[in-house]
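Please work from the sequences and hints to get the whole structure.
So the protein lines, in turn, are chains A and B. Residue numbers for the first sequence, in this note's numbering: -8 to 239. Residue numbers for the second sequence, in this note's numbering: -18 to 396.
Mimicking DMTMM-like on lysine to aspartate or glutamate, the simulated pairs with C-alpha atoms at most 20 angstroms apart in a straight line are:
| hint | chain 1 | residue 1 | chain 2 | residue 2 |
| --- | --- | --- | --- | --- |
| 1 | B | Lys383 | B | Glu349 |
| 2 | B | Lys336 | A | Glu141 |
| 3 | B | Lys336 | A | Asp42 |
| 4 | B | Lys336 | A | Asp3 |
| 5 | B | Lys336 | A | Glu1 |
Label pairs and their in silico Cβ distance ranges:
| hint | chain 1 | residue 1 | chain 2 | residue 2 | range |
| --- | --- | --- | --- | --- | --- |
| 6 | A | Glu237 | B | His306 | 49 to 59 angstroms |
| 7 | A | Asp110 | B | Gly244 | 36 to 46 angstroms |
| 8 | A | Gly166 | B | Val371 | 41 to 51 angstroms |
Derived by calculation from the structure, the hints in this document are not laboratory data. Predicted model, so just to flag it, every value in this text is computed and none were measured. For glycine and all other residues, C-beta sits at the position ideal for the given N, C-alpha and C.
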Amino acid sequence: MLVVQDLHAEVDGKAILKGINLEVNAGEVHAIMGPNGSGKSTLANVIAGRDGYKITSGSVTYKNKDLLEMSPEERAWEGVFLAFQYPVEIPGVNNTYLLKAGVNAQRKHQGLDALDAFDFMSIVKEKAKLVELDPSFLSRSVNEGFSGGEKKRNEIFQMAVLNPSLALLDETDSGLDIDALRIVAGGVNKLRSADNAIVMVTHYQRLLNYIEPDFVHVLADGKIQKTGDKSLALELEERGYDWVKEEA
Amino acid sequence: MNLIEQTRQQADALFNQLGLPSKRDEHWKYTDVSAWADALQAEPTSSNIKAENLGIADLDVYRLVFINGVFDGTSSNLPHDIDILPMSEFLSTHEGQALEAYARLFDVQADAPLMNGFEAYNAAHATDGAAVCLAANSKLDKPLYILHINNQNNIVRHGFILGEHAEAEIIEHFIGTDAQRGLSNMASHIILQDGAQLQHYRLQQESSKQAHIARVDVKQHQHSTYTLHAVELGGALSRVDVLVNLAEQGASCALHGLFVLSGRQHVDHHTRVDHTAPHCTSNETYRTVLDGRSHAVFNGKIMVHKDAIKTDSSMSNGNILLSKHAEIDTKPELEIYNDDVLCAHGATVGQLDDKQLFYMRSRGISQEAAQELLTFAFADEVLAAMNNDVVRRYVEQAAFAKLPHNEDIEGMLTT
Ligand SMILES: Nc1ncnc2c1ncn2[C@@H]1O[C@H](COP(=O)(O)OP(=O)(O)O)[C@@H](O)[C@H]1O
Ligand SMILES: [Mg+2]
Chain A
-8 MLVVQDLHAE
2 VDGKAILKGI
12 NLEVNAGEVH
22 AIMGPNGSGK
32 STLANVIAGR
42 DGYKITSGSV
52 TYKNKDLLEM
62 SPEERAWEGV
72 FLAFQYPVEI
82 PGVNNTYLLK
92 AGVNAQRKHQ
102 GLDALDAFDF
112 MSIVKEKAKL
122 VELDPSFLSR
132 SVNEGFSGGE
142 KKRNEIFQMA
152 VLNPSLALLD
162 ETDSGLDIDA
172 LRIVAGGVNK
182 LRSADNAIVM
192 VTHYQRLLNY
202 IEPDFVHVLA
212 DGKIQKTGDK
222 SLALELEERG
232 YDWVKEEA
Chain B
-18 MNLIEQTRQQ
-8 ADALFNQLGL
2 PSKRDEHWKY
12 TDVSAWADAL
22 QAEPTSSNIK
32 AENLGIADLD
42 VYRLVFINGV
52 FDGTSSNLPH
62 DIDILPMSEF
72 LSTHEGQALE
82 AYARLFDVQA
92 DAPLMNGFEA
102 YNAAHATDGA
112 AVCLAANSKL
122 DKPLYILHIN
132 NQNNIVRHGF
142 ILGEHAEAEI
152 IEHFIGTDAQ
162 RGLSNMASHI
172 ILQDGAQLQH
182 YRLQQESSKQ
192 AHIARVDVKQ
202 HQHSTYTLHA
212 VELGGALSRV
222 DVLVNLAEQG
232 ASCALHGLFV
242 LSGRQHVDHH
252 TRVDHTAPHC
262 TSNETYRTVL
272 DGRSHAVFNG
282 KIMVHKDAIK
292 TDSSMSNGNI
302 LLSKHAEIDT
312 KPELEIYNDD
322 VLCAHGATVG
332 QLDDKQLFYM
342 RSRGISQEAA
352 QELLTFAFAD
362 EVLAAMNNDV
372 VRRYVEQAAF
382 AKLPHNEDIE
392 GMLTT
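Rendered as structure tokens:
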């Protein structure tokens, strides 16, 4: 589904990604771990299409198409979703209507008719229940005045409604207490299927107790230094990251 | 010669002394009115405007209509038992204290803040206006809608005096019928007695060749509240001076401004809030969205005087430039003469927020729609302060119609 080959990216002339290789197939869950500042969010942002990064070499192919050629909205229509590490507040823009416009733009792209208000609301209510999002959040401005945990829950709620093929979760577990973590992870698990894939960036092994990964990658210094199964995450928790770099 | 005539002659003398402001004047350096100087004194000719179906529809209001500054009785609808009258009629049918109070509204002083020749000329030569005189403890049961329909010169002077604990909502609306060149010279003089409350709308939608020059002068007594919603959409040039004197303790005012400009429109607001007494509050929020080669000027001055302890004051001015040819000159000013105050003020000038744009696009909203939506939301936030839903919706539609939009995104706003 996703093939990243020798990806190099710079910000303001500073090299951040220095040759990333990653292959994600349908049905798989990948975890990306690594020290702060190693480039994990940069990788997620580049895949989602955020401006401000200069791709100096390499390629990103998604469903056999060149992802780097597409605008962020085209990527969304094609089924790429990014749950932000720091979800953005948008005063004055309604949470639900934003999603409705997003869903209908995607449907239009797929040649489908727009959902009417009733069908859309029944999906919204069902998905809000899935992540136990209080319905009062639906009619508020996007993320405005939400607590850190509520913002993360809102990200997973949006993901549930948009139903992506490739979900990138950037530290969705940070700032969640254990109950919220269980709810969010439960939501993610319900969305897992043989047709979609999940790439989650995390610092903590504890998330992986709830969402079991097929692969664990260590990203350090702009490169994937090591790949293993979930036991690698346990080892990282015990020994930190330094040994991985030394070994590499 | 009666009191009014005498006062107006003095105003004319002041006009002759002041002349019209020029760009050399610090407060007029961005706004060049020389092109309208010849229009100032031109006499309006009669027009055949039919006012019945003009203005905001679906309003349940008292209605006072002025066509080029002349009261239009046939399309007006005034209450019977309340003193809301054309100024000309009020002055000729009242005497004693009531007359004196209104005569004072024609008294212009050279040393008043932001005094200028337009205001002096207005006091001397206004053809009419609305006189609103609310008795103590009375509440106007419906808003008063003052519709100004202009396609030529007009000079109008309103006086609103609200007695103790009186309450009213007054909507001033300025529209143009066709694009002849003219000058609207407007003044609204307002006195709020103890505990009085006024919601005041000024919706400027003059035609594209009209200049609109106005002064809003408010004096507030104890615990009175004044709320202004100033919307600037029309006209070629608009200059509005808003002066609020929080003269007695516990008074509060809120000034909300929204400019949505395009083409070569030029809008300049100078606001001046004087905290003269202790325990007064002022909040000021101005937002502008500028497209094309439009130019906005915002100069907001808050003056906290020596005795005005426990002043609570905030002022913010946000500006979005949609075009690289649009221009904003913004200057929030704060002068404080005691240290027991809480004041916050600031201005921002910018394009749309990249993080917000990317967030929306990552949810499948096209770049164009995301930009439009953010612009609408930015403008809409000021409108959320409007308590009259019919007016708010009307302004929303009119403001949105001026903003670039291709997709149906109005439903996506929270208000
Ligand atoms: N927009 C940006 N401008 C400047 N530097 C950036 C920007 N985004 C990321 N960086 C830098 O790139 C490096 C990697 O950041 P990031 O991808 O956020 O790391 P991680 O998510 O692994 O903590 C850091 O040194 C960070 O300061
Ligand atoms: Mg990060």
